[in-house]
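K.L.:
Based on the provided sequences and hints, a complete structural model is requested.
As you go down the protein sequences, you meet chains X and E in turn. Under the numbering used here, the very last position in the first sequence is 387; numbers go up by exactly one each time. Under the numbering used here, the very last position in the second sequence is 144; numbers go up by exactly one each time.
None of these hints come from the bench; they were simulated from the model. Computed from a prediction, not measured in an experiment: that's the story for all the values here. Don't be surprised by glycine CBs; every beta carbon is placed ideally from N, CA and C.
DSSO-like mimics (lysine-lysine), calculated; alpha carbons at most 30 Å apart, straight line:
(1) Lys82/X to Lys45/X
(2) Lys117/E to Lys86/E
(3) Lys10/E to Lys27/E
(4) Lys27/E to Lys57/X
(5) Lys27/E to Lys62/X
(6) Lys33/X to Lys27/E
(7) Lys24/X to Lys86/E
(8) Lys82/X to Lys57/X
(9) Lys140/E to Lys149/X
(10) Lys122/E to Lys326/X
(11) Lys120/X to Lys146/X
(12) Lys149/X to Lys27/E
(13) Lys27/E to Lys120/X
(14) Lys27/E to Lys82/X
(15) Lys33/X to Lys57/X
(16) Lys146/X to Lys27/E
Far from chain X by the CB rule (all over 12 Å, computed), these chain E residues:
(17) Met1
(18) Met12
(19) Ala72
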Amino acid sequence: MTKLNNCSGLDMEPAIAQMLAEAKLLRQQPPYKISTLADVGESLKRFLAGASLDQPKIEGLKRMGGGASKEQFVFDLVEGNKPPQRCVLRMDPLESAVVTSREREAAILDIMQGVVPVPKPLWSDNDGRQLGRPALITDFIGGVTKPSKSTSNISGFGTAFDKATRDALGVPFIKHLAAMHSVDWRSKNLSCFQAPTADPQQAARWQLNWWTTAWQNDATEGYPLMGLAERWMRDNLPAANSEDLVFVHSDYRTGNYLYDEASCEITAILDWELIHIGDFHEDLAWAAIKSWSTVENNVLLASSLMTVDELCQRYSSATGRTVDMKTLYFYQVLGLYKCVSICLATSVNAARHAHNHQDILLSWLAAAGYAFLADLCALLENGSAAK
Amino acid sequence: MIPSTELRLKTMMRALTESIIPALDAKDSLVQEQAGLLLGHINALIQQNGLERQIDHQEATALTDLARELLASAEGGDNTVAAAQKLTAVLAEGSFEDISKAVERLLSMDDASPAFKDAAWKPVLEYSRNAAARGQQWFKPMGF
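P.N.:
Take a look at the structure:
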């Protein structure tokens, strides 16, 4: 991998700065050619033949639905006399809704084994030399992301649960969030992650600089509100103590976990691609974004499960941490800034360059950007995390 | 003109619904999902038909009004002064994209004076509330 300088000169996690710089270089590439199933099958066969398997065969290869970000396939791996193993292949298109790293995703899935329910990473091709694009193969876990009779929009937007389901799912939702935040990242061998420990505000600054850079790299138009929000965040960076720094999932919400409809047990937590070391408030703020929450009797239910007050109280009870409402507010502003950036800048940019397998989905997703802009505007006007 | 854009879009939807989608592999989730999105996009285009220039004009007028209001009170350190000069220049002869980026840049400067930060807050939020509402109304057929 070519080492690139952090041209922006901003204080940012070095691995993220490198990733964003590499993504900019892809702009000049011709349109992304969507692989046929036959091509993917051949690449997989060659890749797995080099993985010390006993005469591996790939059966039942097909594309999975959804996925605004990665190409996703499911297949059965048959090896010798062993029973078939169902696997999932997640592969980067040239560009997508967000720029992320398969290496970090594989690393965190490995770390979280036995901590929270996650797919098991089996193989990864971090630079795409063998599979054509960076890719990760995991085992397959069953479950649903929303009630099977639900008709909500894409990516978990507007998923609603009945009260019994809400009460039942709320328990593992908090338990798993607390468990993932309890992992001691300091004790892990983490060559692909860096920790924001230079000063108490570095965790917030690194995130702010990540997302303002993504926005500025990809936006085709400016939005006054994004300038105002950026300046407000620079003026109000919260401090984090060393013990506040955790593995932040960064997309922990309804729509990004699988659950069993009968037992309401969470069977897998998905979409770890934005994982980083940061302030725990970030995951709480993200879970409460309106688009994947519902409003009942004028009260917002974070991730359609519980009120923001309950979320904070139950998280505090489970972890012993104190939730600071000013810090939560900062990360709510940042969360909405990220959503606008993903929808109105990076998704649009990928679709304009025909660099994704689902350009039509990205141009659809872009329209959600105005709802996020409206929420960001309301949040800055109201000035309180609890509202 | 005959055939109108609306008629052409409606005939595309009918071709998709009655001929093309039934011929697609029902088990190919990517193809099914993309066909559904194509129908959704066309349906939204029918509802937005003929109104895009009007919306663009409203956007441009509101943005230039905001830019002028901000310039009247813009003050601060070197970065803010440079950003205000850039905005003045693009207001004279820049595109909508240039002006929007210059306004955003001016507002993002953390060396703005406290007085300018205060003065900018209310008009930017008011502009943004209206702009977001316009965007949401425009994309209402897409369910967001």
